[in-house]
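> For the record, the sequence lines run as chains A, B, C, D, E and F. The numbering of the first sequence is our numbering, which starts it at 15 and goes up by one. The numbering of the second sequence is our numbering, which starts it at 15 and goes up by one. The numbering of the third sequence is our numbering, which starts it at 15 and goes up by one. The numbering of the fourth sequence is our numbering, which starts it at 15 and goes up by one. The numbering of the fifth sequence is our numbering, which starts it at 15 and goes up by one. The numbering of the sixth sequence is our numbering, which starts it at 15 and goes up by one.
Treat the hints with caution; some may be incorrect.
Since the list can't tell identical chains apart, any single copy or any two copies may satisfy a pair.
Straight-line C-alpha distance at most 25 Å; calculated BS3-like pairs for lysine-lysine [what the hints assert, rightly or not]:
| # | residue 1 | residue 2 |
| --- | --- | --- |
| 1 | K127 | K190 |
| 2 | K190 | K148 |
| 3 | K79 | K22 |
| 4 | K127 | K22 |
| 5 | K156 | K79 |
| 6 | K148 | K127 |
| 7 | K139 | K190 |
| 8 | K190 | K156 |
I should point out that these hints are in silico values taken from the structure, not numbers from a laboratory.
Protein chains: 6
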Amino acid sequence: MQRSQVRKRGLYVGRFQPFHKGHLEAVKWILTQVAEAVIVVGSAQYSHTPENPFEAGERLTMIRKALDEVGIPRERCEVLPVPDIHTHGVWVEHIVSYVPRFDVVFANDSLTKRLFHEDGRFPVKPIPFYDREKFNATEIRKRIVQGGGWVELLPRTVVDYILEIDGVQRIQDLAKSDKVP
Amino acid sequence: MQRSQVRKRGLYVGRFQPFHKGHLEAVKWILTQVAEAVIVVGSAQYSHTPENPFEAGERLTMIRKALDEVGIPRERCEVLPVPDIHTHGVWVEHIVSYVPRFDVVFANDSLTKRLFHEDGRFPVKPIPFYDREKFNATEIRKRIVQGGGWVELLPRTVVDYILEIDGVQRIQDLAKSDKVP
Amino acid sequence: MQRSQVRKRGLYVGRFQPFHKGHLEAVKWILTQVAEAVIVVGSAQYSHTPENPFEAGERLTMIRKALDEVGIPRERCEVLPVPDIHTHGVWVEHIVSYVPRFDVVFANDSLTKRLFHEDGRFPVKPIPFYDREKFNATEIRKRIVQGGGWVELLPRTVVDYILEIDGVQRIQDLAKSDKVP
Amino acid sequence: MQRSQVRKRGLYVGRFQPFHKGHLEAVKWILTQVAEAVIVVGSAQYSHTPENPFEAGERLTMIRKALDEVGIPRERCEVLPVPDIHTHGVWVEHIVSYVPRFDVVFANDSLTKRLFHEDGRFPVKPIPFYDREKFNATEIRKRIVQGGGWVELLPRTVVDYILEIDGVQRIQDLAKSDKVP
Amino acid sequence: MQRSQVRKRGLYVGRFQPFHKGHLEAVKWILTQVAEAVIVVGSAQYSHTPENPFEAGERLTMIRKALDEVGIPRERCEVLPVPDIHTHGVWVEHIVSYVPRFDVVFANDSLTKRLFHEDGRFPVKPIPFYDREKFNATEIRKRIVQGGGWVELLPRTVVDYILEIDGVQRIQDLAKSDKVP
Amino acid sequence: MQRSQVRKRGLYVGRFQPFHKGHLEAVKWILTQVAEAVIVVGSAQYSHTPENPFEAGERLTMIRKALDEVGIPRERCEVLPVPDIHTHGVWVEHIVSYVPRFDVVFANDSLTKRLFHEDGRFPVKPIPFYDREKFNATEIRKRIVQGGGWVELLPRTVVDYILEIDGVQRIQDLAKSDKVP
Numbered sequence: 015m016q017r018s019q020v021r022k023r024g025l026y027v028g029r030f031q032p033f034h035k036g037h038l039e040a041v042k043w044i045l046t047q048v049a050e051a052v053i054v055v056g057s058a059q060y061s062h063t064p065e066n067p068f069e070a071g072e073r074l075t076m077i078r079k080a081l082d083e084v085g086i087p088r089e090r091c092e093v094l095p096v097p098d099i100h101t102h103g104v105w106v107e108h109i110v111s112y113v114p115r116f117d118v119v120f121a122n123d124s125l126t127k128r129l130f131h132e133d134g135r136f137p138v139k140p141i142p143f144y145d146r147e148k149f150n151a152t153e154i155r156k157r158i159v160q161g162g163g164w165v166e167l168l169p170r171t172v173v174d175y176i177l178e179i180d181g182v183q184r185i186q187d188l189a190k191s192d193k194v195p
Numbered sequence: 015m016q017r018s019q020v021r022k023r024g025l026y027v028g029r030f031q032p033f034h035k036g037h038l039e040a041v042k043w044i045l046t047q048v049a050e051a052v053i054v055v056g057s058a059q060y061s062h063t064p065e066n067p068f069e070a071g072e073r074l075t076m077i078r079k080a081l082d083e084v085g086i087p088r089e090r091c092e093v094l095p096v097p098d099i100h101t102h103g104v105w106v107e108h109i110v111s112y113v114p115r116f117d118v119v120f121a122n123d124s125l126t127k128r129l130f131h132e133d134g135r136f137p138v139k140p141i142p143f144y145d146r147e148k149f150n151a152t153e154i155r156k157r158i159v160q161g162g163g164w165v166e167l168l169p170r171t172v173v174d175y176i177l178e179i180d181g182v183q184r185i186q187d188l189a190k191s192d193k194v195p
Numbered sequence: 015m016q017r018s019q020v021r022k023r024g025l026y027v028g029r030f031q032p033f034h035k036g037h038l039e040a041v042k043w044i045l046t047q048v049a050e051a052v053i054v055v056g057s058a059q060y061s062h063t064p065e066n067p068f069e070a071g072e073r074l075t076m077i078r079k080a081l082d083e084v085g086i087p088r089e090r091c092e093v094l095p096v097p098d099i100h101t102h103g104v105w106v107e108h109i110v111s112y113v114p115r116f117d118v119v120f121a122n123d124s125l126t127k128r129l130f131h132e133d134g135r136f137p138v139k140p141i142p143f144y145d146r147e148k149f150n151a152t153e154i155r156k157r158i159v160q161g162g163g164w165v166e167l168l169p170r171t172v173v174d175y176i177l178e179i180d181g182v183q184r185i186q187d188l189a190k191s192d193k194v195p
Numbered sequence: 015m016q017r018s019q020v021r022k023r024g025l026y027v028g029r030f031q032p033f034h035k036g037h038l039e040a041v042k043w044i045l046t047q048v049a050e051a052v053i054v055v056g057s058a059q060y061s062h063t064p065e066n067p068f069e070a071g072e073r074l075t076m077i078r079k080a081l082d083e084v085g086i087p088r089e090r091c092e093v094l095p096v097p098d099i100h101t102h103g104v105w106v107e108h109i110v111s112y113v114p115r116f117d118v119v120f121a122n123d124s125l126t127k128r129l130f131h132e133d134g135r136f137p138v139k140p141i142p143f144y145d146r147e148k149f150n151a152t153e154i155r156k157r158i159v160q161g162g163g164w165v166e167l168l169p170r171t172v173v174d175y176i177l178e179i180d181g182v183q184r185i186q187d188l189a190k191s192d193k194v195p
Numbered sequence: 015m016q017r018s019q020v021r022k023r024g025l026y027v028g029r030f031q032p033f034h035k036g037h038l039e040a041v042k043w044i045l046t047q048v049a050e051a052v053i054v055v056g057s058a059q060y061s062h063t064p065e066n067p068f069e070a071g072e073r074l075t076m077i078r079k080a081l082d083e084v085g086i087p088r089e090r091c092e093v094l095p096v097p098d099i100h101t102h103g104v105w106v107e108h109i110v111s112y113v114p115r116f117d118v119v120f121a122n123d124s125l126t127k128r129l130f131h132e133d134g135r136f137p138v139k140p141i142p143f144y145d146r147e148k149f150n151a152t153e154i155r156k157r158i159v160q161g162g163g164w165v166e167l168l169p170r171t172v173v174d175y176i177l178e179i180d181g182v183q184r185i186q187d188l189a190k191s192d193k194v195p
Numbered sequence: 015m016q017r018s019q020v021r022k023r024g025l026y027v028g029r030f031q032p033f034h035k036g037h038l039e040a041v042k043w044i045l046t047q048v049a050e051a052v053i054v055v056g057s058a059q060y061s062h063t064p065e066n067p068f069e070a071g072e073r074l075t076m077i078r079k080a081l082d083e084v085g086i087p088r089e090r091c092e093v094l095p096v097p098d099i100h101t102h103g104v105w106v107e108h109i110v111s112y113v114p115r116f117d118v119v120f121a122n123d124s125l126t127k128r129l130f131h132e133d134g135r136f137p138v139k140p141i142p143f144y145d146r147e148k149f150n151a152t153e154i155r156k157r158i159v160q161g162g163g164w165v166e167l168l169p170r171t172v173v174d175y176i177l178e179i180d181g182v183q184r185i186q187d188l189a190k191s192d193k194v195p
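Turn these sequences into a full structure, and let the hints guide you.
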């Protein structure tokens, strides 16, 4: 008890498709506000679609590599996969049941903010944007499909990992498909 | 048995996001055709999305308030939440299993009509439209996002209830979100 | 708002397989405590199993008939089907999203009490038992399988309805089956 | 149309865990009653449990081998996997949506018979038992766990196939497990 | 074992909404490459939507009729319904569990090819296109909605079957619907 | 790449209801075999049942506290929630998609061993038992229900945490319930 009273934990939810420098800056900033971050990798069951190309395990790996790259110690970040349930009315409770206790939510998205606001148990704080036009996962996936201009938007170790798992070709293949298997 | 033979029941299915004056006119007209209406609040598990902003319980409340407002007695309307199952081939049977026996279906939507037509057990009757261009839930949600011109399209008690539960701000927040949590 | 402040609503959750005199006594007692009861017919998607022989719509019908039989006016009882979700960690929130606002929960079951207790938003009150050994749905289904001694345990209109829908034979057939289709 | 009027099709549903000589006798008998059999391999999504050790594809393979072994021509038997949905109220409609039109249902199980009886669209006929005490999948799985006395209860090609896919060891492993992964 | 070594089986996955001459040519070509085809009718649980108008059983029937029309013997084609699971990360394993063993996958779609490529167990081969602009299910459904020019794109028996089950009117009704029940 | 070649990762799957000294000994032993352990908290969506009393987040917390108690550094253990899917045929692939790459599986349960054995991609190694009769979650939950003799079977910090979250009373309440909400 003692410890959780002194060490505040902040929740940060995203899909991280992929995890980019804007996400990394957000985590760094969150860690100036609280002692520990709980990073939820949402939509964990989905992968191999244009909007969700990477598996949860792959996204966890990207995040771990990026945190190591900038020297954030493991004990300050819990990174956890949580599947979507598609019923927003119970979404906050669903997240709460999958993660350790937290004290504050960090979010910019208006839906995430609204759901936590209606729940009423946790304060919700905005995250300063880090050049959102550029550091934006939708934009990054589009550039990967088009074949250029995305490498500088991701941490170097994440770029290496995406190349290692043949992620560029995967995203391009997904973009070409006109059917869902 | 005696009673169900003399008192006909009509089924009316909708999402009621939100319940507006067109819906209320439909219920009033249905009650000129049958003794009792079974109003199914469909997609009951969904809420907090642009197309389904309100929870099933909130929609039930809207309908109850609107029926009270115009003096329709409770014993003439059963209002029941039913979740979506997304497999249309069993949808009629799914609805049938959630509600009391009914004798006739009132519907204008071509999919609802087709599914009941293929099932073949119930007559399907159209509902006279009540200025459909205006009294249309999609249009009403759009106006709520834009901030005006919707109040006169809903029963007064439904407007009050939406304001009471902060529904305008919710719908505007949902419209601004670019992600699904 | 005014109205919900003066008219308290109580929640009562059950599977009602079938709705018996013990349930009816519980509803009558609840209506001495609050102005309105919200009766949730749980496990709404299940039917035709030994533990859940009746469909949600059939159970709603039983309850409506029993309430009419003893003269409880419709405006005092909302009877609503709610499906199971099997994830107890979000169960309270799931129920809340399906029903109108309520002020107090009436429950004897230790799991229901615990889930609402952990949620913390609603007071939970016990319901006086009405000869629980006899008025017990498991016992009643057993007697129906064995062929006797159950008629006096149910409201007369519920007995008539079960006979009308061939429910005795259904329960006996389900008991004989050694497979699940 | 002409053809379906003259060539009657019969539906036969089972889990076939595994497909034994009793099942094969049933198919042979059904083919004396109708021109074609539609054999539904139910619970298709389940495998690797004590009650459902074999995958749907493995069970389809067993059935095909057994039919070939006794010379039943392929055009007389459609063998189709269908997953469980666990909501018996829509089960008949679910089966109907997965298979070609059929004219009659062959079933001994009281639940299957009841569900089709309540649906009312198809005649349901019993299948003569073929020494049910012995030719019984539950008994056969028990004997496989215990290590003997099961070989003569299955068609020879099914025995060979189970040995080929290491099915004996699988069933024994499943029986030893005290957890579900 | 002997047999599966000499008789190669090829997998071919589609939704077949509806089964057209391009599909039929693909099956004929596949049967020049392998002894047997396993034709998976995907998205088996869906029907009565603009993209998935026909039930799995109806699509199985179309395929059987088309194969009979051109004289492909039943023992060379297994036609099997498989439902969607929407989690692509386990999709290959899901298909594998529903069908008999196969040796090679025939596919043109980039997603299907990618998923099997990442799995790594089966060679994936392209299918020569048969005038893809014309013989394309999306185009065919569009023409059915518009009311003409589709008959020559389907095998004659499939056209007859679609007319027999009132499929043209169904597709036109689905196109008119603005809601999902 | 370099790093994953030199630092081997081992997978360890359990429900950890609750995490006891036997589990902790297993983790300590695994870390003598590999550089890093990926601990999967299975059945993550379930809680508040007699077999699964604790939420995934609570179980993650127990494990973190126990690892800290014995001084296992965070960078050697990834602890991840993964929900059940109930289709064992795709279970290995499901796990693989949720977690970072691993090299070896540590398991004693015959089902887990069989599923990974049939998959064939990962070596599976047994874990030396640590007085299994005593250090057994089923036994521990039974003792908690009965009210004694369990404290010494869990790490001290886990005992404290269970008391802090009122876990003893929860387990006793769940044991008394005769219904599932």
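> Look at each hint and say if it fits the structure.
Each hint, compared with the structure:
1. Only between protomers do K127 and K190 lie at most 25 Å apart by alpha-carbon distance; the minimum there is 11 Å, versus 34 Å within a single protomer.
2. Proximity of K190 to K148 under the C-alpha cut-off of 25 Å is found in both arrangements, the shortest distances being 24 Å within a copy and 19 Å between copies.
3. Proximity of K79 and K22 under a CA criterion of 25 Å is satisfied in both settings, with 24 Å inside one chain copy and 16 Å between copies.
4. With identical chains, the CA atoms of K127 and K22 are at most 25 Å apart within one copy only, with a shortest distance of 19 Å there and 31 Å across copies.
5. In this homomeric assembly, K156 and K79 come within 25 Å of each other (Cα to Cα) only inside a single copy, at 23 Å, whereas the closest approach across copies is 42 Å.
6. In the homo-oligomer, the alpha carbons of K148 and K127 lie at most 25 Å apart inside one protomer (23 Å), although the nearest pairing across protomers, at 32 Å, exceeds that limit.
7. In the homo-oligomer, the alpha carbons of K139 and K190 lie at most 25 Å apart only across protomers (17 Å), although the nearest pairing inside one protomer, at 39 Å, exceeds that limit.
8. When the C-alpha separation of K190 and K156 is checked against a cutoff of 25 Å, the pair qualifies both within a copy, at 12 Å, and between copies, at 21 Å.
Checked against the numbered hints above, the structure violates none of them.
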